[in-house]
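Trainee: Each chain, written out:
Protein chains: 2
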Amino acid sequence: MAIAFESLYSDIQGRCGKLTVGKKTIKTPALLPVINPHLQLVTPREMQSMGVEALITNAYIFSQSKQYRERAVTEGLHKVLDFDGVIMTDSGSFQLSVYGKVSITNTETLAFQRDIGSDIWVPLDIPTSPASDRETAGRELAITMQRLAEAKEVFGKDAPLAGPVQGGIFTDLREQAAREVTDLGFTFCPVGAVVPLMESYRYRDLVSVVMAAKRTLSPAACVHLFGAGHPSMFALATAMGCDLFDSAAYALSAKEGRYLTTHGSFKIDELSELPCACTVCRSHTQEELRTAPDRERLLALHNLYVTVAEIARIRQAIFDGTLWELVDERCRGHPQLLAGYRAFLKGTVTLEKSDRVSKRRFFYRGDESCSRTEVFRYQQMLSRLILGKNVLIAFDGGIRDEFDTTLFFKPPFGPYPKELKETFPVGQSEIPEWDETMVRQGCNGIRMLKESHPGSRIVVSCNPAWEKIVMQAVGDIEVRNEQV
Amino acid sequence: MAIAFESLYSDIQGRCGKLTVGKKTIKTPALLPVINPHLQLVTPREMQSMGVEALITNAYIFSQSKQYRERAVTEGLHKVLDFDGVIMTDSGSFQLSVYGKVSITNTETLAFQRDIGSDIWVPLDIPTSPASDRETAGRELAITMQRLAEAKEVFGKDAPLAGPVQGGIFTDLREQAAREVTDLGFTFCPVGAVVPLMESYRYRDLVSVVMAAKRTLSPAACVHLFGAGHPSMFALATAMGCDLFDSAAYALSAKEGRYLTTHGSFKIDELSELPCACTVCRSHTQEELRTAPDRERLLALHNLYVTVAEIARIRQAIFDGTLWELVDERCRGHPQLLAGYRAFLKGTVTLEKSDRVSKRRFFYRGDESCSRTEVFRYQQMLSRLILGKNVLIAFDGGIRDEFDTTLFFKPPFGPYPKELKETFPVGQSEIPEWDETMVRQGCNGIRMLKESHPGSRIVVSCNPAWEKIVMQAVGDIEVRNEQV
Chain E
16 MAIAFESLYS DIQGRCGKLT VGKKTIKTPA LLPVINPHLQ LVTPREMQSM GVEALITNAY
76 IFSQSKQYRE RAVTEGLHKV LDFDGVIMTD SGSFQLSVYG KVSITNTETL AFQRDIGSDI
136 WVPLDIPTSP ASDRETAGRE LAITMQRLAE AKEVFGKDAP LAGPVQGGIF TDLREQAARE
196 VTDLGFTFCP VGAVVPLMES YRYRDLVSVV MAAKRTLSPA ACVHLFGAGH PSMFALATAM
256 GCDLFDSAAY ALSAKEGRYL TTHGSFKIDE LSELPCACTV CRSHTQEELR TAPDRERLLA
316 LHNLYVTVAE IARIRQAIFD GTLWELVDER CRGHPQLLAG YRAFLKGTVT LEKSDRVSKR
376 RFFYRGDESC SRTEVFRYQQ MLSRLILGKN VLIAFDGGIR DEFDTTLFFK PPFGPYPKEL
436 KETFPVGQSE IPEWDETMVR QGCNGIRMLK ESHPGSRIVV SCNPAWEKIV MQAVGDIEVR
496 NEQV
Chain F
16 MAIAFESLYS DIQGRCGKLT VGKKTIKTPA LLPVINPHLQ LVTPREMQSM GVEALITNAY
76 IFSQSKQYRE RAVTEGLHKV LDFDGVIMTD SGSFQLSVYG KVSITNTETL AFQRDIGSDI
136 WVPLDIPTSP ASDRETAGRE LAITMQRLAE AKEVFGKDAP LAGPVQGGIF TDLREQAARE
196 VTDLGFTFCP VGAVVPLMES YRYRDLVSVV MAAKRTLSPA ACVHLFGAGH PSMFALATAM
256 GCDLFDSAAY ALSAKEGRYL TTHGSFKIDE LSELPCACTV CRSHTQEELR TAPDRERLLA
316 LHNLYVTVAE IARIRQAIFD GTLWELVDER CRGHPQLLAG YRAFLKGTVT LEKSDRVSKR
376 RFFYRGDESC SRTEVFRYQQ MLSRLILGKN VLIAFDGGIR DEFDTTLFFK PPFGPYPKEL
436 KETFPVGQSE IPEWDETMVR QGCNGIRMLK ESHPGSRIVV SCNPAWEKIV MQAVGDIEVR
496 NEQV
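Those protein sequences? They're chains E and F, same order as listed.
Using this note's numbering, read the first sequence as starting at 16 and increasing by one per residue.
Using this note's numbering, read the second sequence as starting at 16 and increasing by one per residue.
Keep in mind that the hints are not guaranteed to be accurate.
Treat identical chains as interchangeable: a pair holds within one or across any two.
Under the rule of at most 27 Å between Cα atoms (straight-line distance), these lysine-lysine pairs were calculated in the DSSO-like manner [unchecked claim]: (1) 172 / 39; (2) 94 / 404; (3) 33 / 282; (4) 436 / 282; (5) 81 / 361; (6) 404 / 38; (7) 42 / 282; (8) 282 / 374; (9) 361 / 39; (10) 94 / 282; (11) 39 / 483; (12) 42 / 374; (13) 374 / 39; (14) 81 / 172; (15) 167 / 368.
The set of hints was computed from the structure by calculation and includes no laboratory data.
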């Protein structure tokens with residue numbers, strides 16, 4: 016197999032992995048900066064020194080370029096771009112989505128990508144606009160699938176081919192596309208045509224189409240979120256199971272005088288400070304950067320530093336098992352990202368199945384933390400506790416002799432026996448002062464315990480402040496307002 | 016006046032200002048890195064090139080140093096440290112708090128600070144431990160106040176003297192101290208002895224003592240949060256009205272192999288990646304940094320870059336009027352910071368009075384956003400709306416002819432007339448899908464409108480999903496489940 020992906024460790028659906036393309040291996044999650052051969056603000060070699068292992072360029076631009084076509088064919092892409100890492104090429108589909116047509120066929124672009132020595136080739140898929148109706152999306156998907164089949168047929172099953180997943184905003188079509196792409200044997204699967212969703216802040220729709228694709232893609236497939244280049248959304252996309260991103264944003268933004276941050280973009284003219292630790296920002300004032308003769312390059316460098324650093328932060332979060340916390344941090348940066356995050360949290364039941372067992376910690380970051388996979392999993396486990404006939408759940412941690420079993424209580428998880436006090440998540444979770452939402456979530460655990468242990472009489476002992484919530488959440492239960 | 020402070024623009028209680036000390040002026044908020052003359056991991060000159068305008072060193076160390084004492088007296092501190100910005104000196108109070116005694120008196124240390132050419136002198140105040148009881152705190156405060164009075168008397172009212180605010184964890188003592196410091200004419204006021212609170216994550220107590228001091232300090236005083244050096248809490252401290260921080264954390268952490276970030280500290284050995292945009296992190300792998308011969312210096316540099324960048328981010332947030340959003344982002348980084356943030360939000364009624372009128376935007380970041388000053392202020396304003404006899408609050412935005420006045424509804428603010436649709440905060444606020452908490456907060460506005468307009472009959476028209484919340488929040492009100 017020409018393209019192979021291995022997940023080394025994971026958190027939620029995010030993976031730190033190894034993508035092997037021929038003889039080259041890169042770490043994922045990874046960002047592939049987009050290189051336009053005609054306009055290299057930052058050279059591939061400079062990018063490599065920042066930690067970039069792979070990049071993407073446009074085969075269609077090379078194929079149409081008087082300056083570069085011949086050189087690329089004779090010298091090869093890696094020599095022309097002076098980069099010995101992984102180079103992926105796009106086919107011209109982007110131009111197709113912008114201009115409506117391209118003067119190249121599917122097999123022509125793939126042969127050209129092969130001839131210039133690209134490491135990952137993309138067929139001429141049809142990026143279906145989110146505005147397209149179902150009939151159009153379905154028709155375009157059929158063409159895409161035909162071309163993917165043709166690609167495999169013509170270039171062989173071991174060719175380093177990407178199999179894009181299309182289907183517009185229709186989740187059933189995305190599921191179908193992902194299933195068919197998997198059946199055709201693709202192990203490198205871009206989720207395509209999502210840029211318009213991101214440009215218009217439609218993060219709920221983004222979550223819906225990516226999660227649909229992930230449902231039917233093989234877990235062994237490396238997933239590339241095509242055109243995703245803003246660092247504010249990498250964490251959420253990674254948590255959904257995307258492994259690769261590609262960014263023209265660093266350069267396009269620089270051209271327009273925009274300054275990327277993990278919490279949004281700013282026009283350089285609007286800034287009064289340079290709120291970043293990178294070498295550009297710590298060696299220039301805002302005024303110096305704004306008026307610098309090489310401002311576009313400096314901005315592109317800053318944008319890349321921030322973007323590459325975010326990838327490192329995400330890898331670290333997966334390693335630690337703190338990806339939920341990073342997703343929470345990033346997604347509160349824009350209300351529509353928060354909407355996407357809340358939509359993502361609604362899938363906890365599914366996400367829990369593949370989430371890892373133990374993590375560095377659980378930090379409570381607000382109400383949304385109550386919906387995390389760890390809470391759901393913990394409460395599912397409660398049915399397996401062995402209880403006596405008379406059970407006390409003591410919010411204050413005090414033991415009363417009249418009960419056969421005493422459990423303690425830690426929101427948002429719920430009741431726990433002392434044996435679980437030092438285990439994850441009860442032991443490694445840190446919460447602020449108890450609040451209503453987390454106590455209510457914990458009481459959900461009491462309800463589940465009660466339902467799964469009909470032979471036990473369960474009594475809750477708590478501070479009067481929580482009595483009402485206990486009653487509301489659990490229903491028919493004996494509550495004592497006593498403290499020992 | 017030797018020390019003067021001017022606030023140029025503000026957000027919540029945070030200020031971007033100008034601190035003038037003699038002929039030197041620095042921008043605030045500012046970070047003063049702590050310089051130990053015996054151990055300069057990063058030189059003052061290097062710090063200056065990162066944007067550092069002021070630093071702090073310890074006069075007591077100089078006074079006890081065979082190597083530096085004479086040089087400091089003859090050549091002056093600025094020459095010895097090779098730094099022409101503002102240099103503040105600590106008196107030995109820190110040593111007092113650690114070792115219990117120092118071999119110098121109040122007037123001796125101040126005369127020494129004067130003689131070595133320090134720009135800001137700190138009297139020998141007594142840093143009261145948070146563990147001290149009220150009687151001890153009061154007794155120590157009395158000594159501190161005596162010494163501050165002595166300082167003013169001996170060195171004159173125009174001497175560049177800092178007036179530390181002590182009082183332990185007792186808010187009445189902090190209020191008293193701040194009042195007396197103000198009465199003595201101090202315009203530069205460190206809030207002292209808070210390091211143990213920060214070290215033990217007691218952010219609720221930190222909020223309580225800083226807010227107490229701020230209540231009675233002059234708004235014209237420049238407030239220094241003594242010993243605050245971790246970038247994760249600068250935003251919260253700034254929002255409370257602190258203008259200066261000083262950091263030994265960059266160096267102490269580096270010594271211990273710790274890597275600072277705005278979301279917490281990591282041991283370098285535990286990291287698998289370097290999740291930062293700074294030049295150290297983007298030119299080394301974790302392995303290279305961990306094993307570098309100059310690792311301590313590299314870590315100190317990284318720590319400083321991150322810290323200085325956070326100050327820039329805070330200034331930008333104040334400029335934009337988005338400080339609440341930054342505080343929210345940072346404080347969710349640790350559950351105890353979240354506890355401090357929630358405690359701070361409880362002071363909204365007070366904070367609103369001094370908050371600015373218009374801001375760049377209002378981004379909803381979760382339930383905590385419902386308690387922001389802008390929401391409180393908007394709802395206060397509702398009593399001034401002029402209403403007809405029959406008033407409709409149309410959640411769906413539809414107008415019905417049978418009503419004299421139609422208002423629309425935007426959570427978490429509440430009802431608004433169409434004239435306010437484009438004004439702050441209704442017009443410049445962005446929210447995700449409506450949720451219960453924000454709708455309930457908006458209904459609080461309906462309740463206030465109803466109470467302040469007893470002559471009007473108010474009817475709410477809303478989707479059935481919200482009816483229960485409207486009834487709960489407003490009480491006796493007519494609700495129609497109709498849509499136009």
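Trainee: So, for every hint listed, does it hold in this structure?
Mentor: Tested hints:
| no. | hint | verdict |
| --- | --- | --- |
| 1 | 172 / 39 | within (19 Å within a copy, 71 Å between copies) |
| 2 | 94 / 404 | neither (75 Å within a copy, 79 Å between copies) |
| 3 | 33 / 282 | between (36 Å within a copy, 25 Å between copies) |
| 4 | 436 / 282 | between (50 Å within a copy, 26 Å between copies) |
| 5 | 81 / 361 | neither (51 Å within a copy, 66 Å between copies) |
| 6 | 404 / 38 | neither (63 Å within a copy, 79 Å between copies) |
| 7 | 42 / 282 | between (32 Å within a copy, 22 Å between copies) |
| 8 | 282 / 374 | between (39 Å within a copy, 17 Å between copies) |
| 9 | 361 / 39 | neither (38 Å within a copy, 56 Å between copies) |
| 10 | 94 / 282 | neither (36 Å within a copy, 40 Å between copies) |
| 11 | 39 / 483 | neither (61 Å within a copy, 60 Å between copies) |
| 12 | 42 / 374 | within (21 Å within a copy, 42 Å between copies) |
| 13 | 374 / 39 | neither (31 Å within a copy, 50 Å between copies) |
| 14 | 81 / 172 | neither (32 Å within a copy, 77 Å between copies) |
| 15 | 167 / 368 | neither (33 Å within a copy, 68 Å between copies) |
Of the numbered hints stated above, those contradicted by the structure are hints 2, 5, 6, 9, 10, 11, 13, 14 and 15, listed in ascending order.
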